[in-house]
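Novice: In terms of this note's numbering, the sequence shown has 236 at position 236, counting the first letter as 1, and numbering is strictly consecutive.
None of these hints come from the bench; they were simulated from the model.
Accuracy of the hints is not assured; some may be wrong.
In silico DSS-like links for lysine-lysine, alpha-carbon gap of 30 Å or less [as the list claims (entries may be wrong)]: (1) LYS128 to LYS61; (2) LYS206 to LYS61; (3) LYS206 to LYS128.
Distance windows between CB atoms, simulated [said to hold, decoys possible]: (4) ALA71 to PHE156: 34 to 44 Å; (5) VAL98 to LEU210: 40 to 50 Å; (6) ASP204 to TRP34: 19 to 29 Å; (7) SER32 to GLY121: 14 to 24 Å; (8) PHE101 to TRP34: 17 to 27 Å; (9) ALA185 to SER108: 15 to 25 Å.
This structure is a prediction, so every number in the text was calculated from the model and none was measured.
Yeah, the Cβ is synthetic: ideal placement off N, Cα and C, and Gly gets one too.
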Amino acid sequence: MHFNFFKNICLTILVSIFLSSCSANNSSNLSSIWDPIEPVNRAVFSFNMVVDTYTLEPLAKAYDFIMPDVASRAISNHFDWIKSPISALNSSVQGKHVEAFDSLVSFSINILTLGFYDLSGNNGLNNKEDFDQTLAVYNVSSGPYIVIPFLGPTTFRGISSNIIDGIIDPLNLLGTEKVIRLNSAELPIKALNTRAEYMDQINDLKYNSLDAYSVFRSVYFQRLLAEINDTENGNDNITNVNSGAIDAFFIQNQ
Numbered sequence: 001m002h003f004n005f006f007k008n009i010c011l012t013i014l015v016s017i018f019l020s021s022c023s024a025n026n027s028s029n030l031s032s033i034w035d036p037i038e039p040v041n042r043a044v045f046s047f048n049m050v051v052d053t054y055t056l057e058p059l060a061k062a063y064d065f066i067m068p069d070v071a072s073r074a075i076s077n078h079f080d081w082i083k084s085p086i087s088a089l090n091s092s093v094q095g096k097h098v099e100a101f102d103s104l105v106s107f108s109i110n111i112l113t114l115g116f117y118d119l120s121g122n123n124g125l126n127n128k129e130d131f132d133q134t135l136a137v138y139n140v141s142s143g144p145y146i147v148i149p150f151l152g153p154t155t156f157r158g159i160s161s162n163i164i165d166g167i168i169d170p171l172n173l174l175g176t177e178k179v180i181r182l183n184s185a186e187l188p189i190k191a192l193n194t195r196a197e198y199m200d201q202i203n204d205l206k207y208n209s210l211d212a213y214s215v216f217r218s219v220y221f222q223r224l225l226a227e228i229n230d231t232e233n234g235n236d237n238i239t240n241v242n243s244g245a246i247d248a249f250f251i252q253n254q
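All chains, full assembly: derive it from the sequences and hints.
Specialist: What follows is the structure, given as structure tokens:
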């Protein structure tokens with residue numbers, strides 16, 4: 001099990017290096033959105049809107065009413081902590097070695113609290129790099145925009161990223177069955193927590209947009225471009241909605 005895990009990490013690094021040499025002519029510029037199956041995507045988006053309206057939104061309101069702010073923040077920290085090793089590996093492959101070191105230090109120190117409270121104080125939990133961003137750094141095109149039932153907006157590159165990040169996730173050391181059980185238990189909590197945290201932003205886009213589909217699609221790509229270029233400013237403006245609001249709105253695991 002451990003050998004396979006480290007073999008997967010080495011394979012991922014080699015693939016990334018290969019991509020850097022063979023895809024230099026591709027563009028990660030997201031200014032032009034490719035949505036070749038827009039009618040299908042719109043139908044799926046409408047379905048996801050209904051799911052949110054009648055399930056996730058009311059549950060998140062109840063969750064927000066019951067859960068103290070300090071507990072909600074602790075839960076967010078925990079989920080950031082879980083992803084720290086993945087972020088560290090992707091940061092390293094992207095050449096961001098300081099960020100990679102910070103993520104590893106944060107993960108190691110915060111094992112004592114399981115990430116619920118950040119003991120490291122070096123902002124390592126704020127580093128959120130995934131394989132989608134790694135591929136973009138190596139100029140791999142995002143591919144077509146896709147909206148998946150329940151899981152929400154992504155791209156072909158994003159789907160590939162989720163697969164690779166899942167393969168290299170250190171949680172795999174626990175064994176597949178344990179990881180599945182852990183994810184099954186934590187995913188609903190993550191969805192409720194982030195939906196509650198971004199309640200106002202989501203509902204503003206959802207209920208006050210003339211074309212909610214186009215707005216959410218635009219926000220998705222704005223946020224993705226900000227993540228790739230490391231220009232997130234930490235404010236709750238429209239470009240920051242995707243990491244929390246769209247995650248929560250579509251129960252997406254990023």
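Novice: If a hint holds in the structure, say so; if it doesn't, say that too.
Specialist: A quick look at each hint next to the structure:
1. LYS128 to LYS61: holds, 27 Å
2. LYS206 to LYS61: holds, 15 Å
3. LYS206 to LYS128: holds, 26 Å
4. ALA71 to PHE156: 34 to 44 Å: holds, 37 Å
5. VAL98 to LEU210: 40 to 50 Å: holds, 43 Å
6. ASP204 to TRP34: 19 to 29 Å: At roughly 27 Å between Cβ atoms, TRP34 and ASP204 fall inside 19 to 29 Å, so the hint holds.
7. SER32 to GLY121: 14 to 24 Å: violated, 41 Å
8. PHE101 to TRP34: 17 to 27 Å: violated, 36 Å
9. ALA185 to SER108: 15 to 25 Å: With Cβ atoms ~24 Å apart, the hint holds.
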